[in-house]
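A.B. asks: Position chain B against the provided structure of chain A, taking the given hints into account.
For the record, the sequence lines run as chains A and B.
Numbered by my numbering, the letters in the first sequence go through residues 1 to 402 in order.
Numbered by my numbering, the letters in the second sequence go through residues 1 to 402 in order.
There may be inaccurate statements among the hints.
Treat identical chains as interchangeable: a pair holds within one or across any two.
Here are the computed lysine-lysine pairs in the DSSO-like style, where the Cα-Cα straight-line distance is at most 27 Å [stated by the list, open to error]:
#1 Lys399 to Lys167
#2 Lys17 to Lys37
#3 Lys295 to Lys399
#4 Lys32 to Lys17
#5 Lys188 to Lys399
#6 Lys17 to Lys344
#7 Lys216 to Lys399
#8 Lys399 to Lys344
#9 Lys295 to Lys17
#10 Lys399 to Lys32
#11 Lys271 to Lys216
#12 Lys295 to Lys191
#13 Lys399 to Lys37
#14 Lys191 to Lys399
Read the hints as simulated data drawn from the structure, not as lab findings.
Please read these numbers as outputs of a predicted model, since none were measured by experiment.
Protein chains: 2
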Amino acid sequence: MQVHEFYSSLAIRNDNKIVVLLIDGLGGMSHKDYGYKTELEYAKHPNLDRLASQGTTGMLTPVLPGVTPGSGPAHIGLFGLDPISFNIGRGVLEALGIGLVPEPTDVLARGNFCTVDSQGAIVDRRAGRIPTQVCEERLALLRDIRVPRADIELHAVQDHRFVLRLKGADLDGAIANTDPGAVGAKPKRAKALAPRAETTASIVNAFVDQALDRLKGQSGANSLVLRGFSMLPNIPSFCELYSLRSVALAVYPMYKGLARTVGMDTLECGKTFSDQLRTLETHWDNYDYFFIHYKYTDSCGEDGDFLSKVNHIETLDSCIEALVRLDPAVLAVTGDHSTPAALKSHSWHPVPLLLVSSTSRRDGSTAFTETVCARGALGNLESKYLMGLLLAHALRLDKFGA
Amino acid sequence: MQVHEFYSSLAIRNDNKIVVLLIDGLGGMSHKDYGYKTELEYAKHPNLDRLASQGTTGMLTPVLPGVTPGSGPAHIGLFGLDPISFNIGRGVLEALGIGLVPEPTDVLARGNFCTVDSQGAIVDRRAGRIPTQVCEERLALLRDIRVPRADIELHAVQDHRFVLRLKGADLDGAIANTDPGAVGAKPKRAKALAPRAETTASIVNAFVDQALDRLKGQSGANSLVLRGFSMLPNIPSFCELYSLRSVALAVYPMYKGLARTVGMDTLECGKTFSDQLRTLETHWDNYDYFFIHYKYTDSCGEDGDFLSKVNHIETLDSCIEALVRLDPAVLAVTGDHSTPAALKSHSWHPVPLLLVSSTSRRDGSTAFTETVCARGALGNLESKYLMGLLLAHALRLDKFGA
Numbered sequence: 001m002q003v004h005e006f007y008s009s010l011a012i013r014n015d016n017k018i019v020v021l022l023i024d025g026l027g028g029m030s031h032k033d034y035g036y037k038t039e040l041e042y043a044k045h046p047n048l049d050r051l052a053s054q055g056t057t058g059m060l061t062p063v064l065p066g067v068t069p070g071s072g073p074a075h076i077g078l079f080g081l082d083p084i085s086f087n088i089g090r091g092v093l094e095a096l097g098i099g100l101v102p103e104p105t106d107v108l109a110r111g112n113f114c115t116v117d118s119q120g121a122i123v124d125r126r127a128g129r130i131p132t133q134v135c136e137e138r139l140a141l142l143r144d145i146r147v148p149r150a151d152i153e154l155h156a157v158q159d160h161r162f163v164l165r166l167k168g169a170d171l172d173g174a175i176a177n178t179d180p181g182a183v184g185a186k187p188k189r190a191k192a193l194a195p196r197a198e199t200t201a202s203i204v205n206a207f208v209d210q211a212l213d214r215l216k217g218q219s220g221a222n223s224l225v226l227r228g229f230s231m232l233p234n235i236p237s238f239c240e241l242y243s244l245r246s247v248a249l250a251v252y253p254m255y256k257g258l259a260r261t262v263g264m265d266t267l268e269c270g271k272t273f274s275d276q277l278r279t280l281e282t283h284w285d286n287y288d289y290f291f292i293h294y295k296y297t298d299s300c301g302e303d304g305d306f307l308s309k310v311n312h313i314e315t316l317d318s319c320i321e322a323l324v325r326l327d328p329a330v331l332a333v334t335g336d337h338s339t340p341a342a343l344k345s346h347s348w349h350p351v352p353l354l355l356v357s358s359t360s361r362r363d364g365s366t367a368f369t370e371t372v373c374a375r376g377a378l379g380n381l382e383s384k385y386l387m388g389l390l391l392a393h394a395l396r397l398d399k400f401g402a
Numbered sequence: 001m002q003v004h005e006f007y008s009s010l011a012i013r014n015d016n017k018i019v020v021l022l023i024d025g026l027g028g029m030s031h032k033d034y035g036y037k038t039e040l041e042y043a044k045h046p047n048l049d050r051l052a053s054q055g056t057t058g059m060l061t062p063v064l065p066g067v068t069p070g071s072g073p074a075h076i077g078l079f080g081l082d083p084i085s086f087n088i089g090r091g092v093l094e095a096l097g098i099g100l101v102p103e104p105t106d107v108l109a110r111g112n113f114c115t116v117d118s119q120g121a122i123v124d125r126r127a128g129r130i131p132t133q134v135c136e137e138r139l140a141l142l143r144d145i146r147v148p149r150a151d152i153e154l155h156a157v158q159d160h161r162f163v164l165r166l167k168g169a170d171l172d173g174a175i176a177n178t179d180p181g182a183v184g185a186k187p188k189r190a191k192a193l194a195p196r197a198e199t200t201a202s203i204v205n206a207f208v209d210q211a212l213d214r215l216k217g218q219s220g221a222n223s224l225v226l227r228g229f230s231m232l233p234n235i236p237s238f239c240e241l242y243s244l245r246s247v248a249l250a251v252y253p254m255y256k257g258l259a260r261t262v263g264m265d266t267l268e269c270g271k272t273f274s275d276q277l278r279t280l281e282t283h284w285d286n287y288d289y290f291f292i293h294y295k296y297t298d299s300c301g302e303d304g305d306f307l308s309k310v311n312h313i314e315t316l317d318s319c320i321e322a323l324v325r326l327d328p329a330v331l332a333v334t335g336d337h338s339t340p341a342a343l344k345s346h347s348w349h350p351v352p353l354l355l356v357s358s359t360s361r362r363d364g365s366t367a368f369t370e371t372v373c374a375r376g377a378l379g380n381l382e383s384k385y386l387m388g389l390l391l392a393h394a395l396r397l398d399k400f401g402a
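Isolated chain A, as found in the complex (with noise of 0.2 Å):
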């Protein structure tokens, strides 16, 4: 039995509410320019270490000790599933992230638009990064193609990047890329990785066939290569699983979508932290947990930029009486994955946890750090165990066993 069954056959109703504070890349790494502190030791959060000393800490792993997990696993876990078997695959991330709800039957690709030489091989994997508005034109011309047995839809990203879509029947992702992932080296075909998944290969072949006719003579972006092919994999909802009204207060597309892979609905939310407190206490009646995803600290990390992730805990902490005064009878405060700045991209250290409830252990816990976290009484949890913590906080699992 995986854990989400688990402890969904134990899930009772009841009125309290649980909120999660979703502080994105919120670990950090001991930076040797500022004395060897990690951001969060770094910034000052009076509020966030008066909850710490409130309630309980510890830490969350991703996945598994020492593995760095993308934005999709690192959610996937968060929301009680196992990040291993709940792989959501590139193409349907990069879906979510444009917005798109991708159907259980669809399969999805990351599409990059390459520059390749009059024998077919690669000169330019990006294509010069042409603008977004080429890439709208060069999809433009592939539009109207036709194939045997799906439907296809083409959707820019951003640059050189897009998204294709299979709609049919029958289809299956088990598709090996097509990207070389070198210059020199042509686009491969489109190769099955199981015979169920033949038809649909079949299906891509035909595409770029027809799509390479149309881009010769382009000059630059003149052929295709595709990754991550993927389908949605059938993840139930927070309201089958734990009878949870739930909603994700996101400003970006990727992690609203994640978010209703999961069942929860999202809402218009603005583009600041208040803004997300606002639409929060707006809709504070309507719902059981609540997701709010605070994305700006991530970038800073993956950008390299120390202080300014500093900066962004601080506002934060600024911001988050107004949260507190919601008074949710669990509030957790973590983040999906590190992101230190010293590494300018995501990592697998553990990430910090703070849970403050009525019904909390307090642990003597006197800062919300990554060194007073890894002594919490919570340990150091898997990230897909912290959904049993939060429905066991709000009195929201049944005893298991007589």
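C.D. replies: Showing chain B alone in chain A's frame:
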């Protein structure tokens, strides 16, 4: 391979003795009326604190994070078995609680007398909580009921509660509750949850039909409902698994029964902790593993009586020297689950653990409290791993691999 099978494959014999002192419902929760301390933090227990300083501490998670266990799963985990795989149903537990020793082929259910109106709809689910004596009288009316393919036993428990035991070949416990769980509804027919239980369901219905005939016309307690149909899981014994001659010193029948399910002997041991320790001393040479069950902390937690739980912890602490003097090779002190007075029920909070042995790695713990143990060197373990630690510290586990 399950964890008990793996440990079993490494088990070796020697003369080192293991003692587990199980303080039922030991773990607590921060209580706002007592300076946000838990019962264990509030109590004075210098002897347990000294043991902590001589050993290693940690926390046990009974089942999984957030999961509140019943007594069955909580003990099964401490006995080294996965509590989700070896789930003991309510019927079996109820039988163990009155000292029955079910055969693995028996089906057991918890029965309640209830009162129905002339249409057969329930008007009182507990039949006015009739005295146990009346329960006995009603059962006497039903004892000579005969049905094909099974023998029936009926045992009074307390008030309106009784145990139904079916004995026969090819019985199966996959049967839904006949208790509709609400006043105004009629008791349901027994229904098989799997084809293999069809015969058993028809046996149950044949019994109930005759029982209702005989109860008709009684004033109150004129009907019955059944729930928690279950069979004893096929549990290997400590002796087979680990070559351990093991004994439980428990006052309450249910805990003796749980211990017998893993092949432990049980001994009459009086009512108080001092009585239990005297019994231990008398039988010291006859066993390798001693399980001492101290009940009163749990009862006080269930009653919401913080200070009584504190007192019982202090009483236990004051007697513990007699146990230490026996000089077991390994002494573990822990709980089966938490029962915070603030919640008046079992809870999901992890349980403190201390383990003292000449093979301990001292971890600098200076007290036996939730907060100290949460920072202890054993970390936070699922209860099912305790058995491996006990055997290891007693040098009863061979090296794995070359």
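A.B. asks: So, against the hints stated earlier in the document, which numbers end up violated here?
C.D. replies: 1, 7, 11 and 12
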